[in-house]
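Number of protein chains: 2
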Amino acid sequence: MPHAEVSVRLGERSYSIFIGDGLLDDFPGLLANAQPGLKHAVLVFDENVKPLAEDLTARLNGIRVTQIPVRSGESSKSIAEAQRLWEAMLAERADRQSVVIAVGGGVVGDLAGFAAASYARGVPLVQVPTTLLSQVDSSVGGKTGVNLPGAKNMVGAFWQPSLVAIDTATLQSLPTREFVSGLAEVVKYGVILLPELFEYLEQQAPAVLAQDQAALSHLIAQSCGAKARVVQADEHETSGRRAILNYGHTFAHALESVAGYGTWLHGEAVSIGMHMAAHLACALGRVDTDFVVRQQQLLEALRLPTRCSDVSPTAMWDAMQNDKKVLRGQLRFILPAKLGHVDFVSDVDRAEVLAAIKQAM
Amino acid sequence: MPHAEVSVRLGERSYSIFIGDGLLDDFPGLLANAQPGLKHAVLVFDENVKPLAEDLTARLNGIRVTQIPVRSGESSKSIAEAQRLWEAMLAERADRQSVVIAVGGGVVGDLAGFAAASYARGVPLVQVPTTLLSQVDSSVGGKTGVNLPGAKNMVGAFWQPSLVAIDTATLQSLPTREFVSGLAEVVKYGVILLPELFEYLEQQAPAVLAQDQAALSHLIAQSCGAKARVVQADEHETSGRRAILNYGHTFAHALESVAGYGTWLHGEAVSIGMHMAAHLACALGRVDTDFVVRQQQLLEALRLPTRCSDVSPTAMWDAMQNDKKVLRGQLRFILPAKLGHVDFVSDVDRAEVLAAIKQAM
Chain A
2 MPHAEVSVRL GERSYSIFIG DGLLDDFPGL LANAQPGLKH AVLVFDENVK
52 PLAEDLTARL NGIRVTQIPV RSGESSKSIA EAQRLWEAML AERADRQSVV
102 IAVGGGVVGD LAGFAAASYA RGVPLVQVPT TLLSQVDSSV GGKTGVNLPG
152 AKNMVGAFWQ PSLVAIDTAT LQSLPTREFV SGLAEVVKYG VILLPELFEY
202 LEQQAPAVLA QDQAALSHLI AQSCGAKARV VQADEHETSG RRAILNYGHT
252 FAHALESVAG YGTWLHGEAV SIGMHMAAHL ACALGRVDTD FVVRQQQLLE
302 ALRLPTRCSD VSPTAMWDAM QNDKKVLRGQ LRFILPAKLG HVDFVSDVDR
352 AEVLAAIKQA M
Chain B
2 MPHAEVSVRL GERSYSIFIG DGLLDDFPGL LANAQPGLKH AVLVFDENVK
52 PLAEDLTARL NGIRVTQIPV RSGESSKSIA EAQRLWEAML AERADRQSVV
102 IAVGGGVVGD LAGFAAASYA RGVPLVQVPT TLLSQVDSSV GGKTGVNLPG
152 AKNMVGAFWQ PSLVAIDTAT LQSLPTREFV SGLAEVVKYG VILLPELFEY
202 LEQQAPAVLA QDQAALSHLI AQSCGAKARV VQADEHETSG RRAILNYGHT
252 FAHALESVAG YGTWLHGEAV SIGMHMAAHL ACALGRVDTD FVVRQQQLLE
302 ALRLPTRCSD VSPTAMWDAM QNDKKVLRGQ LRFILPAKLG HVDFVSDVDR
352 AEVLAAIKQA M
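Residue numbers (my numbering), protein chains in the order written: chain A, 2 to 362; chain B, 2 to 362.
Hints in this document: simulated from the structure, not taken from any laboratory.
Using N, Cα and C, we set each Cβ at its ideal position, and we do this for glycine too.
Among these hints, one or two may not hold up.
[Said to hold, decoys possible] What follows is a set of in silico ranges between Cβ atoms, one per label pair, in the way DEER data are often shown: (1) A/Arg242 <-> B/Gly263: 49 to 57 Å; (2) A/Arg10 <-> B/Gly341: 35 to 43 Å; (3) A/Arg60 <-> B/Glu197: 53 to 61 Å; (4) B/Ala234 <-> A/Gln204: 49 to 57 Å.
If we strip away everything but chain A, and leave its shape as in the complex, we get:
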């Protein structure tokens, strides 16, 4: 069947992302191509996608498959869970010729990715993301990790997969709210890098919401391509370029923290955060009101929230000061200059930030 391919060029760590409706029918061939001669696969999967894991296991005949289910939810991103994976891999005699295949959303991808990065000082990793958020964001770029109490993603590694296989059909079983939440990151790529993707979403919002497979493949391929460009320019987050991916996220992280994790899905918080960032950019004279309204209209057409209530703007400001990015120096906002371009802006007045937050309440 037709599928899209996005190449991530990172020298000896280069790999391909394949995207298509029903793509996993071809999974054994894709895997054999990425890992020739493979004899042992460690399938780490979200217990919510057990049928898919069983299906993949059945397809991989001739390869010994070790299944490790992981409970859904952020609490699985722990060192204890990583240790459970390492010990299960050891018990199954996994070695550097084995491959870890992560099947599920961001939690499983991050956890299994870190387990792969550190077992025997690194074994190959394949990502099979099954949520829109992980398909357009967390499965691309090599960030893996688990949480420490009070600090998300504080222990981990940059570990690139050898293959990412995205089957848009897996989204059909995703709750609508989660699917919609993932669209926020797609809008983000439009704003920071891809005006044509932004326009596509404006025109195709109904088809996207109806999960038209061609539309989904297109926007996932565009999103992965955009993320690949950024990651290629700054694989290990050293030049700062990679930070443009955090558009809307400084506000979003503060909102998630103040409202309590779980109140908003991550993409919902990002949607509200982008709306706040657009207001801030407008107040600073970096974009006009039309930009703010246009972005808001797209977010709302995709049924994403742009407003929150019941949170204190000053509490959000305080939370921003504890953001990881502040520890490394100044709090920096990523603010749009025009569709497809964002800038880093430091030294923003507290009052301006509070006003921008209030605009989205």
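Following the hints, position chain B against chain A.
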């Protein structure tokens, strides 16, 4: 004061090893050069070298220093200890601009190295090895890691330091048995790569045992240089070249396992293992008896053991079959062809291996 410098050339991960008597008097300058603008150091140290850690802390004025002591012994190489380090680093607000400085032997270097590799997906690492074994071996090459129950070094990362500072004066407080044990790895470099180092040891054994500082600096620099050459050719153990560093180690690991960990120091087991390997090479017609005798005489001149008793050769053979290197395929022996050159040899008869073990009993 005069010191030697060995460059490890690994592209953007290149670094220098400095070696000298009293070198740590210059530590602040070396550190400032390797990590310009440093504001926060996490000093992870073996509680046995607490005075040295206090001394280094006092020297690093102007830099905030977080001290984390680690209990001596292999049991500290655990995931629980790594987690303790990560949580302490988080509590002290360590970030990617912080540096982890490992002060002690291989245990602290491996543990702190893994903590550095994984905290915030990687922070800079400086090695200050204080045992001969860690100075000539484990602090060079980027291997870090902790143990799983039943599997040494099973969780870890390749993470190159930005600086290795070796002060030969730190060896004065090392127990003699541990110092001598470290010499086995130096002999190893002589056999696998450096005939002139082997000859130097033959001529200078008394000076070496008396810890003559010039002699120590010379043999440490030669050893680090040899290891750097091997690591440069095979940083991530993918080409197989790096395995020549395991000369004597297949026998040694089996001996350590069968005799019970702690019975023999690692270097002592390596010494006996090299003697067994030489016998095996001789039986296979790869070296003559003179080689076996010459290597034995050097090991004994350095007061290293070449014989063991009370172990069962068949139990050692069985332990070899469980060696990590077997999992990846055939059991391969690293056997000398002449001084300065070793070959990989597979398909060795069980009877030949048992006979070689018995020659060293």
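Verification of the hints:
For A/Arg242 and B/Gly263, the hinted distance range of 49 to 57 Å is satisfied, since their beta carbons lie about 50 Å from each other. A beta carbon spacing of about 41 Å between A/Arg10 and B/Gly341 agrees with the range 35 to 43 Å that was offered as a hint. At about 58 Å, the beta-carbon gap between A/Arg60 and B/Glu197 stays in the expected band of 53 to 61 Å. One distance hint, 49 to 57 Å for the beta-carbon pair B/Ala234 and A/Gln204, holds here, with the actual separation near 55 Å.
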